[in-house]
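K.L.:
Residue-level listing of the chains:
There are 2 protein chains.
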Amino acid sequence: MGRKNVVDRVLDLIDERQNPCIVGLDPSMNQIPEHVRMEATDRYSDPFRAAGYALVQFSRSIIDAVAGIVPAVKLQAAFYEQYSSDGVRALLETVEYAKDRGLIVIEDAKKNDIGSTAKAYADGHLGKVEMADGTFLSSLDVDMMTINPYLGSDGIDPFVEVCNRFGKGVFILDKTSNPSSGELQDRLIEGKERIYEAVARRIHELGKDLIGERGYSSIGAVVGATYPDEAVKARRIMPQSIFLVPGYGAQGGEADDLFPCFNDDGYGALVNSSRGIIFAYLREPYLSEFSDKEFHLASRQAALDMRESVVKILKKHGKLPQGW
Amino acid sequence: MGRKNVVDRVLDLIDERQNPCIVGLDPSMNQIPEHVRMEATDRYSDPFRAAGYALVQFSRSIIDAVAGIVPAVKLQAAFYEQYSSDGVRALLETVEYAKDRGLIVIEDAKKNDIGSTAKAYADGHLGKVEMADGTFLSSLDVDMMTINPYLGSDGIDPFVEVCNRFGKGVFILDKTSNPSSGELQDRLIEGKERIYEAVARRIHELGKDLIGERGYSSIGAVVGATYPDEAVKARRIMPQSIFLVPGYGAQGGEADDLFPCFNDDGYGALVNSSRGIIFAYLREPYLSEFSDKEFHLASRQAALDMRESVVKILKKHGKLPQGW
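So the protein lines, in turn, are chains A and B.
All the letters of the first sequence, read from the start, carry residue numbers 1 to 324 under the numbering used here.
All the letters of the second sequence, read from the start, carry residue numbers 1 to 324 under the numbering used here.
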């Protein structure tokens, strides 16, 4: 067991809130409630500033609603970044707000590049950046981020180095939740193993030097809730990695499919739901119960309901953490 | 042959400038000349604003220096994005400036995600984005961008759709130039073909519906200059795709290794050099010839020299386009 790492902080929050579920902020503009959008357009005539304002107001409301319930939020960079600099300012403000509310912030940007470019991403998102006067400052400064393995070690090592230096973490895409994920990830290589298994072995190796006090490494993996058989294999190959598990809810993953993502100790997975939580007000049973103006209350209820069903699954499979 | 696409515009500029070489803007702060950085810190006390200003000033100088010589510039998003919203504003200003100077703008961000998130990236970088009032506006609006294939079709189709609709293009990572690119990309799948060959086949298929007047599709591929044997195979599988070819110069790719990236008609490749051009003033023979304040003149000379050596290679291998 090593020194305290970011995953120890995640695990402590999971215990405190008795909840391995997290909320994904994928704020697509056309699903943000009309009163939030109108307040933004009333306040700013510049459409990009108005969009940025709407994103921040919406994100803050969701964060306030779920802050005591979940250990972390996952911010989907695309939905902010599409509004250019105003969107990125909104992303930064949302990161700061979530951290102030005691949440771990995971940025889902699926970055990748090599060498000095990968280092620039790692510096900008997790570490410190060199300013024009030669000093170094934190920039976006999230706790963890998702990265893509297609380029091999050259695209991963610079992130691992920054994680090590600044106490941050990454989730490397392994077996993703989408229907076409198998096109590459399930291909059998040299008759021995599938691509996602090869990536999993690499993730496990990389994590060995970054194990925290509670036995988990800060090099995690993205493993979708929609492929339980593959999750079993991934879990076996990467016992010390935390899985970021998308696909629950809107993408069709069932609660029962989740349990292979957890270790026998009841930890090892962060189960994400995005649209199912943040836009709960648009769907039953919340639609009948909450008005548009109560969208955040609908999200809070959806987050509580998600916790309940995931904890029930853990209990059913004998994987409830000790002391819960 | 189809209707005019973005690659037709690229090819016309290649002919006009008799040059298939492009310049990569990877402006790492510590290599930007001191007088540019000092002007920025004198002007802005906020370190992020100063950094953004330095990036814009540097990028504009390089663009001015090479505008008549190259058909396109490739902007490495990481080096801008690391300065958060100020960096993204600098990126946007650089995109606009390069377009005003008659250059095709390729954004190298190696994006990927699935479904609505991939659409948000495609909208934000290539298409139009929904504002808070329901109207749609262009955001970063580059001509072409790089994307990552690890997630399969779900992560590519939304980009192809936006390309089709807005006359834009993408380069899908296939066989990248870095030393570890083979870890995944060269693995032999089901005893038949390598990963990069499978990706190449997919790129070729996707491009069939997006062929322009000159016979090339707007779905291109990233194929590194450092692996000439793989480039031969990639060229054979994707005869109608333009290759974005990194790795020339700083990454060790030799001019002679480039020719397999070109088709017999003398087209089919955009050869990129980044640090070798934009930071030419730091290296011989330019270091002795140009002062720090003449960094842009060093870049201009390096761009002219690169054109000369690549054209020489084309001539040597009998691949000089007709009429040059």
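Read the hints as simulated data drawn from the structure, not as lab findings.
In this text, all values refer to a predicted model and were calculated from it rather than measured experimentally.
Worth double-checking, as some hints may not be accurate.
Identical chains share a label here; the pair holds if one copy fits it or two copies do between them.
Think about it this way: if two alpha-carbon atoms lie no more than 25 Å apart in a straight line, the pair counts; the simulated SDA-like pairs of lysine to any residue are [to be verified]: (1) 233 <-> 153; (2) 128 <-> 92; (3) 119 <-> 283; (4) 128 <-> 313.
K.L.:
It remains to establish, for every hint, whether it holds in the given structure.
P.N.:
Hints and how they fare:
1. 233 <-> 153: both (22 Å within a copy, 24 Å between copies)
2. 128 <-> 92: Both: 15 Å inside a chain and 23 Å across chains, each within 25 Å.
3. 119 <-> 283: between (42 Å within a copy, 22 Å between copies)
4. 128 <-> 313: neither (40 Å within a copy, 42 Å between copies)
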